[in-house]
Amino acid sequence: MRTESNDGFQQSTVYQIYPKSFLDSTGSGVGDLRGVIRKIPYIASLGVDMVWFNPFFASPQADNGYDISDYYRIDPEMGTMADFEELVAGLRAEGIDVMLDMVLNHTSTEHEWFQRALAGDPEYRDFYYVRPAGSDGGVPNNWVSKFGGPAWSRFGETDDFYLHLFDRTQADLNWHNPRVRREMAKVVEFWRLKGVRGFRFDVINLISKPVDLPSAPEGADDRFMYTDGELVTTFLRELAEASYGKDAGCVTVGEMSSTSIERCVEYSHPDSGALSMVFNFHHLKVDYADGKKWSLARFELDDLRRVLMEWADGMQAGGGWNALFWNNHDQPRALNRFGDPKELRVESATMHATVLHLFRGTPYVYMGEEIGMTDPEYSSIDDYVDVEAINAHKALVGTGMSDADAFAVVRAKARDNARTPMQWEPGPAAGFTTGTPWLHPTNGDLINAAAEEAGGRILPYYRRLIELRKSHPVISHGELVGLAPDHPHVFAYERSHASTRLLVLANFSAAATHVEVPTEFTAGRVLISNTDRLDAPATSDVELAPYEALAIILEPSES
1 MRTESNDGFQ QSTVYQIYPK SFLDSTGSGV GDLRGVIRKI PYIASLGVDM
51 VWFNPFFASP QADNGYDISD YYRIDPEMGT MADFEELVAG LRAEGIDVML
101 DMVLNHTSTE HEWFQRALAG DPEYRDFYYV RPAGSDGGVP NNWVSKFGGP
151 AWSRFGETDD FYLHLFDRTQ ADLNWHNPRV RREMAKVVEF WRLKGVRGFR
201 FDVINLISKP VDLPSAPEGA DDRFMYTDGE LVTTFLRELA EASYGKDAGC
251 VTVGEMSSTS IERCVEYSHP DSGALSMVFN FHHLKVDYAD GKKWSLARFE
301 LDDLRRVLME WADGMQAGGG WNALFWNNHD QPRALNRFGD PKELRVESAT
351 MHATVLHLFR GTPYVYMGEE IGMTDPEYSS IDDYVDVEAI NAHKALVGTG
401 MSDADAFAVV RAKARDNART PMQWEPGPAA GFTTGTPWLH PTNGDLINAA
451 AEEAGGRILP YYRRLIELRK SHPVISHGEL VGLAPDHPHV FAYERSHAST
501 RLLVLANFSA AATHVEVPTE FTAGRVLISN TDRLDAPATS DVELAPYEAL
551 AIILEPSES
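Per full-length UniProt numbering, the sequence shown starts with residue 1, numbered consecutively.
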């Protein structure tokens, strides 16, 4: 990915590693940096260009590393700075760059800044949102924590409160304070000078809250009181000028919570000076009943297609750029949500990969996705460790829901579903550790990297898709238009670049189906298929097998 400019991300693929769950080199049951170093050959074999690491900074681990107590220190459980430097060098030797996860919206309450604020230092008190009680003696406003309950907790032994949009141990930083912004730039610059060439910014569109922190109107969604504030882009441009913007090849991606196409175009347009690309989560909310995460609902292809195409069309029209993903550390596995994880796991996994990797945007592969990992088959809330899942289960039971029904919801939606250890080989801990894993895998004997290397179909398919993006400008740079918008089972689109066209068809159902496509593609050739199909269809009426994915390319000599 080391190019003279930062537009190389268009033809690149990013591999996401949750270090705690990748490989344990010590037998502690927790993954570490030396474990990642051992697997550099495997990572390189994928053909990816950059590895995004979830946080491994010093942290009390109340939110699995997203509660940072020291931005400049590696958590001892994860390794040392020497390990990190060796990791960067080892990946770079394979032509792979490093992307770090920057959690700049909040710090751990154990961070020195917060502790100094608690001790009465007014300078550090202004690093956070510390406010007096409301007129009724309660919390300052009606904002709700994303982990449940009020977004305010008592500030030490005082009568004041501090804001935490997430866990009470994650105090929101006051970005209106210029010194906070300078400190954040120093953090990013420190890691840039360590050789880091990519930065993923956690919930970065929450950093511009209204100064007066008003309550949401009665009945309104409080998220829109603090999301996509008017100064987000200004703050990001300032951060870029002081850190990552100094490196023309640096790649940045912002995680955008409850955002809009308009704002994401603003953040990621090449002329914005803010970010290279953005994550949004709208497509992963199509199985939320009434917009509520902690609910059970089956997705409808119409909804999924509509959201994906609205964002593709809107970002393309505005010149923005999407980060593409089905899976990450905060989402249940896509196979369980949008496919058949039991009977047609291979077909579902490769179909999902085709849709994503041939789309407009930069694909992200979450560890284990490339071998078809699925959600764990847990039987009790005690199997989960994530604070969000535990709080949600308690809250659901508190509404009168039975323990079994509440667990069914959590089992379907918990973040820990994606955080189970990477499954390397058969065995009780799936080759992840010689000790007791911090979170237990449940189906490693069936699904593991060794089996995929020995004769699997999913891993080779991912490698092929990653290579195709590098070799075909129609994939990396082509325009996109949706096709068959009303088909009940097929997601279809066309890419075009110069005189080359690419047709992508994906059957999201467990039954065979037919779809009409442009006649001219009968003269094309199959670029990739997750079935044994070798030749383009002879007619415009194409029959697709269950979960079949098919891409037909039409180049100038064939048209």
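Hints are not guaranteed to be accurate.
To be verified - The list that follows gives simulated cross-link-like pairs (lysine-lysine, BS3-like), each with its CA atoms no further than 25 Å apart:
#, residue 1, residue 2
1, K285, K194
2, K285, K146
3, K394, K39
4, K186, K292
5, K186, K293
6, K146, K186
7, K293, K342
8, K146, K342
9, K293, K146
10, K146, K394
11, K246, K285
12, K194, K146
13, K39, K194
The hints are simulated quantities; they were obtained by calculation from the structure and are not laboratory data.
No experiment lies behind these values; they were computed from the predicted model shown.
Going down the list of hints, with the structure as the test:
1. K285 to K194: 37 Å, violated
2. K285 to K146: 15 Å, holds
3. K394 to K39: 38 Å, violated
4. K186 to K292: 38 Å, violated
5. K186 to K293: 36 Å, violated
6. K146 to K186: Status violated; Cα separation ~28 Å.
7. K293 to K342: 24 Å, holds
8. K146 to K342: Status violated; Cα separation ~32 Å.
9. K293 to K146: 11 Å, holds
10. K146 to K394: Holds: K146 and K394 sit about 15 Å apart, inside 25 Å.
11. K246 to K285: Roughly 36 Å separates the two Cα atoms, so the pair is violated.
12. K194 to K146: 33 Å, violated
13. K39 to K194: 21 Å, holds
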